[in-house]
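Colleague: Protein chains in written order, with this note's numbering: chain D, 1 to 492; chain F, 1 to 212.
Calculated from the structure, these hints are not laboratory results. Yeah, the Cβ is synthetic: ideal placement off N, Cα and C, and Gly gets one too. Hints should not be assumed to be uniformly reliable.
Partial chain F-side listing against chain D, Cβ under 7 Å, derived [what the hints assert, rightly or not]:
#: 1; residue: 1
#: 2; residue: 60
#: 3; residue: 63
#: 4; residue: 66
#: 5; residue: 102
#: 6; residue: 105
#: 7; residue: 120
#: 8; residue: 161
#: 9; residue: 171
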Amino acid sequence: MKELLEKIFENIYSNGLSEERYCDIKEFISEKLISEYNDYVMNREIVAKNKVNTLDIVLPNAKVGDYYSQLLKIEDEEIIEYWIEGLKKTGLEVVSEIVLDFQKEDNTMVQGSANLEVFDNDNIECQKQVIGTKNKGLVIKGNPIMSGDFDLTLKYKYKGWFDGCNILERKLRFAINPDPRSLWKDIPTDKNIKFYKDDFVSEYVTVLANDKGLQKDIVAASKRGRSHAHEGKARDDDFKLYHNDENGWYIIAVADGAGSAKYSRKGSEIACETSVEYCKQALQMPTELEETILELSKAEEGYSNRSISTLIYNIIGGAAHKAHRAILDVVKANEDQVRDYATTLLLAICKKFDFGWFVASFWVGDGAMCIYDKERQYIKLLGTPDGGEYAGQTRFLTMPEIFTPESIMSRLKYSIEEDFSALILMTDGVSDPFFETDANLNKVEKWNELWENINKEVDLTDDNSESKNQLLNWLDFWSAGNHDDRTIAILY
Amino acid sequence: MRRLPVYLLLDTSGSMYGEPIEAVKNGVQVLVSTLRQDPYALETAYLSIITFDSSAQQIVPLTELSTFQQPNIEANGCTALGEALALLAAKVDMEVTKTTAEVKGDWKPLVFIMTDGEPTDDLNKGLAEFKKRKFGMVVACAAGQGANTDTLKKITECVVQLDTADSATIKSFFKWVSASVSAGSMKVEETCKDVGGLSELPPPPPEVNIVV
């Protein structure tokens with residue numbers, strides 16, 4: 001370098017050069033060159049930075065509890081090494097990509113610097129960092145333990161980098177979603193509220209085998225929905241079961257208090273209690289009804305029997321109307337509004353005769369009520385839900401228009417069945433996740449799915465009273481976006 | 001399941017360059033990370049972003065919150081609000097599920113429009129397409145004094161105005177949007193009814209003025 005300078009000076013300053021001038025020029029040239037060099041270094045950094053910043057690096061969002069694995073690879077000649085910092089808190093780790101094609105593996109680079117000691121901000125200790133190269137990427141993997149947005153740093157060295165050069169970096173935003181289940185709180189309902197009701201309840205009605213063989217039992221469970229539990233609000237659903245051990249009549253009621261109605265929890269309770277009590281009284285000595293049913297069982301199919309319609313109208317229609325009146329009485333006594341007690345009602349009575357089963361029902365509002373037989377792949381929907389084209393336009397027991405004779409008739413159903421696997425009554429908290437729309441209620445496949453799903457967790461064998469707890473647990477099934485109270489009653 | 005689609009229409013014209021656009025980017029980020037912590041929104045709300053400058057483009061298609069990735073947003077060009085409305089109408093047709101006998105469709109979409117200037121294209125053409133679709137609620141926000149609230153009133157009843165388009169004000173607007181989406185997700189779940197009007201949203205913060 002020195003020789004080179006002197007040669008230049010000899011050529012330009014052929015007349016000689018003073019010592020001062022020489023030093024000055026030397027200083028000037030040094031400054032110039034250093035500045036040029038710094039620019040050169042900076043340019044090299046900028047080129048590398050631009051390259052990395054424009055790379056399409058996307059880390060898909062992770063979810064707490066779900067195993068995560070994502071490859072990050074920079075396949076660029078200019079970027080020789082890279083690694084990731086900031087993952088410590090997330091529970092994830094970085095490992096080297098497994099490259100199957102060993103020919104392509106960048107052996108020199110990996111062996112030379114596979115484990116670089118760097119200072120990680122998350123951890124006041126030095127730790128081994130896994131380094132990625134052009135041929136061997138990084139895999140971020142593991143089970144995320146913490147939700148949130150994390151700022152990760154991708155650090156890298158460019159081609160020509162040597163100790164003393166800057167390590168460059170790019171910020172990467174990485175989101176870990178919480179498990180939605182963990183976000184739902186379960187706040188018990190305040191027991192001091194008006195019309196307090198337990199947050200969940202289950203019941204089993206055992207009907208012992210008699211000389212005619214095994215008898216069907218009833219199991220039912222009702223549980224607050226996640227949205228109610230989240231806010232410490234009471235369960236709005238209800239149910240009531242009854243079996244007359246003397247004469248064999250079963251009575252089942254399920255009701256869904258309207259979510260928007262203040263005291264619908266009371267409305268559904270009155271609806272179930274009153275209608276079941278009414279039927280219970282009416283079915284103490286139902287001689288006329290049973291005689292008519294026997295007659296009906298002998299009649300040809302399609303034969304319409306007016307007296308059975310009238311009897312059903314009086315018993316079940318009467319029960320529904322009695323429940324309607326009972327709600328009005330409570331409304332009056334409490335000086336509330338009728339709409340505050342809005343509730344649906346699904347009511348069924350049935351009995352096994354020698355010829356088979358007689359089932360009769362009344363249905364107002366949404367939810368579902370159906371006779372299901374697995375063997376015969378047979379379903380009989382006991383009415384149609386009052387859904388309308390748009391959700392939320394359901395009818396309620398509290399509405400006076402329900403009790404015109406035509407409306408009552410249209411809501412009553414009776415049926416003679418040889419046998420069946422189950423008579424199922426449920427509120428929309430169960431029917432919506434499984435059937436979604438009213439049209440699907442008519443599809444036996446959908447009922448098969450429901451039945452299989454229940455039977456996976458609930459042991460529906462005769463006299464198994466433990467199944468009430470299993471059914472209660474089953475009601476916790478996860479369905480995104482479905483947070484309603486859930487109630488189901490099964491006669492099987 | 002029934003989704004609650006949320007469309008953000010964001011003005012990315014040249015006048016938004018600098019502080020306003022940075023605040024918008026930040027706002028989107030805060031919006032998403034807040035909603036991810038809300039169990040109703042996380043399960044129900046889906047988000048799409050349409051930006052408009054000299055033309056309109058959907059930079060994020062209707063996406064579940066849990067998979068949403070922050071898009072890159074830059075400001076330049078004019079204000080093609082008309083085109084943005086037409087694009088919104090087209091995307092709603094494509095992305096929002098309609099109710100049929102077998103499928104329960106999505107809830108009616110919520111739309112939040114934010115602009116800081118007058119539209120530079122033909123608003124009426126896009127507006128006509130937009131008006132043919134059914135929305136749960138549409139909120140138009142005039143960011144700063146440059147936007148004409150009368151123009152926005154043609155799009156929707158619900159017009160709000162920010163006095164200035166500085167980062168603090170834009171931030172509080174996005175906070176309000178986030179609270180509104182939370183409230184909307186909860187409302188549809190609890191009452192099984194679409195979101196209908198401004199009165200169903202949480203009250204806006206002092207920086208966000210309702211234009212009567």
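Colleague: Please go over all the hints and tell whether each is borne out by the structure.
Modeller: Against the structure, the hints:
About 4 Å separates the beta-carbon of residue 1 of chain F from the nearest beta-carbon of chain D, less than 7 Å, and the hint is met. Violation of the interface hint for residue 60 of chain F is found here, the shortest Cβ-Cβ separation to chain D being roughly 13 Å, above the 7 Å cut-off. Look at residue 63 of chain F: its Cβ only gets to about 10 Å from chain D, farther than 7 Å, so that hint breaks. Because the beta carbon of residue 66 of chain F sits about 4 Å from the nearest beta carbon in chain D, less than 7 Å, this interface hint is met.
This hint holds: residue 102 of chain F has a C-beta 5 Å from the nearest C-beta of chain D, less than the 7 Å allowed. Evaluation of the residue 105 of chain F hint against chain D yields a violated restraint, the C-beta minimum of about 10 Å exceeding 7 Å. Hint status for residue 120 of chain F: violated, given a least beta-carbon distance of 30 Å to chain D, over 7 Å. Among the interface hints, the one on residue 161 of chain F is violated; its C-beta lies about 30 Å from the nearest C-beta in chain D, farther than the 7 Å criterion.
Here the hint on residue 171 of chain F is broken, as its CB sits about 16 Å from the closest CB of chain D, past 7 Å.
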